[in-house]
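S.K.: The primary structure of each chain is shown beneath.
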Amino acid sequence: MSESVPGPAPEVFAPHEAPVSPPQASEEVEFVQLLTPEGERVEHPDYSFDLDDDAIKGFYRDMVLVRRIDSEATALQRQGELGLWASLLGQEAAQIGSGRALNDRDMVFPTYREHGVAWCQGVDPLRLLGLFRGVDQGGWDPKDNNFHLYTIVIGAQTLHATGYAMGQQRDHAIGDAENGEATIAYFGDGASSQGDVNEAFIWSSVFNAPVVFFCQNNQWAISEPIDRQTRIPLYQRAAGFGFPGVRVDGNDVLATYAVTQQALKRAREGSGPSLIEAYTYRMGAHTTSDDPTKYRLNEDLEHWKLKDPIERVHAYLARHAGVDHDFFDQVEADADKIAAELRDGCLALPDPVLTDFFKHVYVEETPQLAEQRDQFAAYAASFEGEG
Amino acid sequence: MTKITLGKAINAGLRAAMEKDPKVVVMGEDIGKLGGVFRVTEGLQKDFGEDRVIDTPLAESGIIGTAVGLALRGYRPVCEIQFDGFVFPAYDQIINQVAKMHYRSEGRIKMPVVIRIPYGGGIGAVEHHSESPETLFAHVPGLKVVSCGDPVDAYWMIQQAISSDDPVVFFEPKRRYHEKAELDESVPPVQPLHQAKVVREGTDATLFCYGPMVKTCLQAAEAAVEDGRNLEVVDLRTIAPLDLATIFASVKKTRRALVVHEAPLSLGTGSEIAARVTEECFYHLEAPVLRVTGYDTPYPPSRMEDDYLPDLDRVLDGVDRVMEY
Ligand SMILES: Cc1ncc(C[n+]2csc(CCOP(=O)(O)OP(=O)(O)O)c2C)c(N)n1
Ligand SMILES: [Mg+2]
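For the record, the sequence lines run as chains A and B. Read in order, the letters of the first sequence correspond to residues 1 to 387 in the numbering used here. Read in order, the letters of the second sequence correspond to residues 388 to 712 in the numbering used here.
Think of the hints as simulated: they come from the structure by calculation, not from any bench. Note that the Cβ used here is the ideal one computed from N, Cα and C, for glycine as well. Zero decoy hints are in this set.
One side of the interface only, derived from the structure: several residues of chain B facing chain A at Cβ under 8 Å:
(1) G511
(2) E514
(3) Y695
Sequences and hints are given; from them, build the entire structure.
M.R.: Here you go:
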């Protein structure tokens, strides 16, 4: 057909048939890995893990314990003791690796799923249950453990982290890679679409704030796969905002530790923000309310089971570090004990009373609210003795 | 005639609107394959395709902002906000853009955008999942605000909202999604969108309510029969604008009024009704207009929500008080 002959109208571009996304998966995009799924240590030109096998045993123990805490919480939800639970299953290495890289002055801003980071910061696991049981909205003091309250509104905490880091900067708490302070903000792949997160990137970049953005790309935001949020690997976005980004094997606790350590040092010494994309997988449902069979394939899960963050450390320790059964058995026993304590603690959590929840609406209580509280108390008292 | 739940009725209403008008598009988080966290959009993407049932990136400001653009281009977007507490990232777009576009353009531009928000408490959820922010929208000139209280209304009101050329914030009582009623799609709706309806005739006092509180008030009215009281119940259905004619007519008949809502007391829907009724029905009133509402605190942790929310006992307590005068 000659060019001058009018052909059929060009095919209309159907909006949903966007061009095929460039590859996202770890198979095709480089990431930092220091321990393979088979449990073999590997070298990386830019990152190394320089702690000894005892430290790795410690990470192993942390991961087993938080997985056990997590599964106990899921069980408690199933039995009606919690209203909801957001499981971290599959994300243990991302959380323990990054959490253990923090010094005791660094500050953490979590989402609602960072139970492993909470563990590293020394937050009593029982305190995490309050929000999910409906007895409080986060029963810990953020100052006790440098661990802010959980944030459910997606992405909001990344701005809080940035502002906190700007405070650290103004307090001259940075300047030393080991002893300076940094802030770490956790968020998910879904959150990366929020305006707040993008604003946090801009703020931190412009003000050179000592903040590490730690994105757990667990491939899913409830039912939406990662390609609904991005057409490029998330870590590459950092370049556009003017700071370094790196993708790490989020199921590799050694690599996650090493990469986070380096980013924190950079922040603490005053070199500014960075973005870490921990490439991992949400092994469970989004929360106990969710039914993932509606939107994702079981094969994916099977594929990711082979990359389990705990199994590979077990394999390494058993095969290359001469760690025997006694250690592994002891870790299991510790996990059982912690789970039992968590369960007992949960069942013993006192039921709250609404009168107490008028107290903290304001620092200076208003007369109107005081009146409402008294009215409520009188009304509630009128039922007493009725059973 | 089919027995249908409130959630499924909205689904059917969306489906009917989409069949009728190819410009209707539905957008939000997890509304495609999953069918929404409450399954209100279940099956729509399968039947209408990804161009019309759009799983959006996770950003509410983006959902509403792009809905504005789609509306400018002649579409009628129906946006789902996943939970009441997550509408606020979109608040700027709703207040400054959606609400004011018609005004700013001196009437040249229409914003036929529907913003669906599952709202209210009583489902044992964690924070931000149980709120009642209706007045934050009803106070804004340019927005219309409605809430359905039963499946039949849900089916028709969502369609009426979609065909409205004004933007409508459509509050869905999430704890009533599973309530059932008979729906006959061939019987057209009795009320236009912005009209209240008397759901129970009575003579002694009127309970004004909407959304999740309609069922609570109907139950209270039944219980009050034992006390020899014959209560009228008005499902407001529309909060902005209020259907003042129906409100005044009822008050003039019963001479006593109680407004019931989950949202906090101060500057709530009840405040506006009390003011209007006082202005218009002063000489008919036997008692001041009373309110039974949530307290002026953030929504509490769920173990206390039964104390926070107006329930049968609190409504009856309010009735006692309004009858005492
Ligand atoms: C502003 C806002 N919108 C919607 C929600 C509802 N919601 C809760 S979690 C979630 C998905 C989050 O995905 P991601 O950021 O990837 O984190 P993940 O849950 O996978 O850890 C959504 C949409 C919310 N919490 N906040
Ligand atoms: Mg995710």
